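Chains A and B, in that order, give the protein sequences. In terms of my numbering, the first sequence has 154 at position 174, counting the first letter as 1, and numbering is strictly consecutive. In terms of my numbering, the second sequence has 408 at position 402, counting the first letter as 1, and numbering is strictly consecutive.
These aren't lab readings, by the way, just hints derived from the structure by calculation. The structure displayed is predicted, hence computed values, not measured ones. Every residue, glycine too, gets a C-beta built ideally from N, C-alpha and C. Check before you lean on any hint, since a few could be wrong.
[Said to hold, decoys possible] Computed Cβ-Cβ distance ranges for the label pairs, DEER-style: (1) B:Gly39 - A:Gly69: 41 to 49 angstroms; (2) A:Arg92 - B:Ala48: 41 to 49 angstroms; (3) B:Gly366 - A:Tyr294: 34 to 42 angstroms; (4) B:Gly253 - A:Ile313: 17 to 25 angstroms; (5) B:Ile523 - A:Trp58: 46 to 54 angstroms; (6) A:Trp58 - B:Glu480: 28 to 36 angstroms; (7) A:Asn36 - B:Gly366: 47 to 55 angstroms; (8) B:Gly220 - A:Glu104: 55 to 63 angstroms; (9) A:Gly71 - B:Thr139: 38 to 46 angstroms; (10) B:Gly220 - A:Leu183: 48 to 56 angstroms; (11) B:Gly54 - A:Leu173: 43 to 51 angstroms; (12) B:Gly39 - A:Leu121: 36 to 44 angstroms; (13) A:Pro318 - B:Gly220: 19 to 27 angstroms; (14) A:Tyr294 - B:Ile523: 46 to 54 angstroms.
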Amino acid sequence: MNFVVGILFSGIAMIILILIPWVGVGAFDLRLVFGIIVPYLALATFFVGIVLRVINWARSPVPFRIPTTAGQQWSLPWIKPNRIDNPKGTGGVVVRMIFEVLLFRSLFRNTRLEFRKGPKITYEWEKWLWLAALVFHYSFLVIFLRHFRFFLDPVPAFIHILERLDGFLQMGPLPVSGLGVPEVYITDMLLLLALLYLFLRRLYVHQTRYISLPADYFPLFLLLTLGLTGVLMRYFLRVDLTAVKELAIGLVKFHPKVPEGIGVIFYIHLFMLCTLIAYFPFSKLVHMAGIFLSPTRNLSNNSRFVRHINPWNYPVKVHTYEEYEDEFRDKMIEAGLPVEKMPEKAEEGAGAKEEEEKKE
Amino acid sequence: MSDLPKPEDLAKVKHLPPIWKGWMRTPVEIRSGIYCYGSKPANLEYVGMPNPREWSPVDEDWKLPDNWKQIFLDGLRERLEKFRSLKIFMDICVRCGACADKCHFFIGSGDPRNMPVLRAELLRSIYRKEYTTAGKILGRFAGAREMTYQVLKELWYYFFQCTECRRCSLFCPYGIDTAEITILGRELLNLLGLNTDWISAPVANCYRTGNHLGIQPHAYKDMIDFFVDDIEEITGVRLNPSFNRKGAEILFITPSGDVFADPGTYTCMGYLMLFHYLENLGLDLTWSTFASEGGNFGYFTSHEMAKRLNAKMYAEAKRLGVKWILGGECGHMWRVINQYMDTFNGPADFLEEPVSPITGTKFENAKTTKMVHITEFTADLIKQNKLKLDPSRNDNLVVTFHDSCNPARGMGLLEEPRYIIKNTCNHFYEMPDTTIREQTFCCGSGAGLNAGENMELRMRGGLPRANAVKYVHEKYGVNMMACICAIDRAALPTLMEYWVPEVGITGVHELVGNALILEGEKERKTDLRGEPLPGMEEEEEEENV
Chain A
-19 MNFVVGILFS
-9 GIAMIILILI
1 PWVGVGAFDL
11 RLVFGIIVPY
21 LALATFFVGI
31 VLRVINWARS
41 PVPFRIPTTA
51 GQQWSLPWIK
61 PNRIDNPKGT
71 GGVVVRMIFE
81 VLLFRSLFRN
91 TRLEFRKGPK
101 ITYEWEKWLW
111 LAALVFHYSF
121 LVIFLRHFRF
131 FLDPVPAFIH
141 ILERLDGFLQ
151 MGPLPVSGLG
161 VPEVYITDML
171 LLLALLYLFL
181 RRLYVHQTRY
191 ISLPADYFPL
201 FLLLTLGLTG
211 VLMRYFLRVD
221 LTAVKELAIG
231 LVKFHPKVPE
241 GIGVIFYIHL
251 FMLCTLIAYF
261 PFSKLVHMAG
271 IFLSPTRNLS
281 NNSRFVRHIN
291 PWNYPVKVHT
301 YEEYEDEFRD
311 KMIEAGLPVE
321 KMPEKAEEGA
331 GAKEEEEKKE
Chain B
7 MSDLPKPEDL
17 AKVKHLPPIW
27 KGWMRTPVEI
37 RSGIYCYGSK
47 PANLEYVGMP
57 NPREWSPVDE
67 DWKLPDNWKQ
77 IFLDGLRERL
87 EKFRSLKIFM
97 DICVRCGACA
107 DKCHFFIGSG
117 DPRNMPVLRA
127 ELLRSIYRKE
137 YTTAGKILGR
147 FAGAREMTYQ
157 VLKELWYYFF
167 QCTECRRCSL
177 FCPYGIDTAE
187 ITILGRELLN
197 LLGLNTDWIS
207 APVANCYRTG
217 NHLGIQPHAY
227 KDMIDFFVDD
237 IEEITGVRLN
247 PSFNRKGAEI
257 LFITPSGDVF
267 ADPGTYTCMG
277 YLMLFHYLEN
287 LGLDLTWSTF
297 ASEGGNFGYF
307 TSHEMAKRLN
317 AKMYAEAKRL
327 GVKWILGGEC
337 GHMWRVINQY
347 MDTFNGPADF
357 LEEPVSPITG
367 TKFENAKTTK
377 MVHITEFTAD
387 LIKQNKLKLD
397 PSRNDNLVVT
407 FHDSCNPARG
417 MGLLEEPRYI
427 IKNTCNHFYE
437 MPDTTIREQT
447 FCCGSGAGLN
457 AGENMELRMR
467 GGLPRANAVK
477 YVHEKYGVNM
487 MACICAIDRA
497 ALPTLMEYWV
507 PEVGITGVHE
517 LVGNALILEG
527 EKERKTDLRG
537 EPLPGMEEEE
547 EEENV
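Bound-form chain A, shown alone (with noise of 0.2 angstroms):
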């Protein structure tokens, strides 16, 4: 599949996507499916769908210790091992998923291959991709946390706080909408500027232009179209506040209720939000939950002084020394040796010998 099949596959389903609500509620008015049924359903999908999904990880085993070592060991006390990224116990472990989860170490570790002629091959600093991940989830994060406010009555403090953080950069009246226009939040501005990046760089970089599915360009056009309806209700097609608050508290507190008033927009901006959260399990969203389970990140290097069961292990068959003895017992003795048996005492032995292998 090239590329412009999977964005049009992915652009295309976005389209109907946007479509759903905007006939549903602007067409037919079905607020109290658009406000109350679809949300609910999204929600126990997402639950239900994480849970069943973390379960069926968990339910296989990790057989063997395999964490990827990328730093010194602890052997010799005078050898300075790396604790965090070849770490030995458990501290050290915490340590380095703590790094993985919310700074990316991993990432940061990118470099970028120069191939040029001669040849002569370098790999060079290259951070945008994670700067541009991170910059995302964060700013999703907070996005998330400040939408707290329409949950919470009263809005508790560290949500304001967090406003007047993310407020900050006083852009002033905006010249399209005239007076009155709330402060612009940066991590708006941050967010859909990175998901811009990262879509640009699957198009731009030939390598991931050519392994991205539709998969990987669907969740960044839906993120981006939340983003931008947020981002549309918030400075350009004002909705009554007030309503979509009473909405949210109804559905926190199970009275749901739809007010009159509230702009199709919303309800497009809800949607994408229910589909995104719906999607999530049986995605490759699912990474935020897998990344705590994978085994080459959260084990610690310890297998040489801590055994580690492999619940599954099983006998195997093996070539025993006496079979190996057997085979080459003259040429042993020739070459000076030592052997467990001598010749005339192998005969005697050789029914003894096919017990074991019974045995097995």
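Using the hints, position chain B against chain A.
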């Protein structure tokens, strides 16, 4: 080998995958120079592997059982249930591409299927078709595809173009390890009798004679005796190594490549000299003709075969009644010992926690496995000032060090060999940071790919390594690369000859052997290779070391 292109032609690599035609629609052609010959029936039969028959990878018909697809898919299901790693790695890749240009085979060949992510997608696409709803309904649009005969050939071709070096797993934000996928992929292929003979022959040999090369006990002893003669000629000291000796304190196991072919043989001579030197200090060590293989080509076949071959180490240690095991310089051998051996064949409760008989150092990091790496052992000796060394005997060498993939990324043995090199050589230079330690590049011939018929693949895969060597060769005049891996010692000389002809390959313990001053030795005129020593006059002053 005759149709191996010239280096300047092979070096013209394009890293530009087709723009319009997707990989699923691009058929694979199994090309000479890239693939290894198929396994011979006798070698599969000997160890009881399925489907032994004469076959060739370039044949249309691979002579598979009728239900081959079922066998493969059942095998995949079984492994998903047994290995969490496989399940996770099938599910969580986001195709960010961070791994793409990290693979030595992709760098050297430009073949997009050699991007680790795509190598894994070859199998992932089958997984999606069989196990995910989206894959079943949407097919190609969900990155899923049917398991067909062509797909099977593609899997075979590319799982035998991966050396399981784990460099990609270092850069993956989720730690997805292509080595794990290749190992399990090869396991599935082996259910159908689809191994390469370069792997299945050593496996059968190792099962029967104890070592990959099929060296029988008397011949093994002969070969070592031959080294003893050589050493006597060079140093005037007669060594007396022992074999299969019950009651020794330590059993020594090293890859059979070390006793078989240059330059590994010089490393072996280094071990012998070191052990002889330590005898007076209290070393009580035996070699074994039965546990005469450190490496494990079973590991390139299946987990079960790895376990079957590995079992010999503990079995022989138990039979001989030794206290612990010392292991020689080898790459994948040490990944197996570090990450698998105790789990496979332990607990080794009949052995004792290893303690150096010379320095009294407890090797706490080998507490349950009871097996110590020889560079750990020797580094400790040097640190405790137990060895009389004359590094100037290696003054004709300008040395760099190649971290072998497995000790680097499957163990973390980075400083020990460097410490030894720095104490046995006066001229040591590192290659660029992005090509050593945990970021080291593979020799291009690991995981059973060091055959002759796939020379083009090997030269391509080794290009990133060779290029880094060339850099230090031109900058510092490096003329010798040290390594701690028997496959390296077998594969790298060919690689150097092709890309950087002025650089030789040595094991770390060859350097030790040259520098070590044996008691009662005569004035050495040559090194272990029989080449004249530098600075002969000064060498007499033993106090100066």
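These are the hints, each one checked on the structure:
no.	hint	in the structure
1	B:Gly39 - A:Gly69: 41 to 49 angstroms	holds, 47 angstroms
2	A:Arg92 - B:Ala48: 41 to 49 angstroms	holds, 48 angstroms
3	B:Gly366 - A:Tyr294: 34 to 42 angstroms	holds, 40 angstroms
4	B:Gly253 - A:Ile313: 17 to 25 angstroms	holds, 20 angstroms
5	B:Ile523 - A:Trp58: 46 to 54 angstroms	violated, 24 angstroms
6	A:Trp58 - B:Glu480: 28 to 36 angstroms	holds, 35 angstroms
7	A:Asn36 - B:Gly366: 47 to 55 angstroms	holds, 51 angstroms
8	B:Gly220 - A:Glu104: 55 to 63 angstroms	violated, 46 angstroms
9	A:Gly71 - B:Thr139: 38 to 46 angstroms	holds, 41 angstroms
10	B:Gly220 - A:Leu183: 48 to 56 angstroms	holds, 54 angstroms
11	B:Gly54 - A:Leu173: 43 to 51 angstroms	violated, 60 angstroms
12	B:Gly39 - A:Leu121: 36 to 44 angstroms	violated, 50 angstroms
13	A:Pro318 - B:Gly220: 19 to 27 angstroms	holds, 22 angstroms
14	A:Tyr294 - B:Ile523: 46 to 54 angstroms	holds, 51 angstroms
The structure fails to meet hints 5, 8, 11, 12 from the earlier list, while all remaining hints are met.
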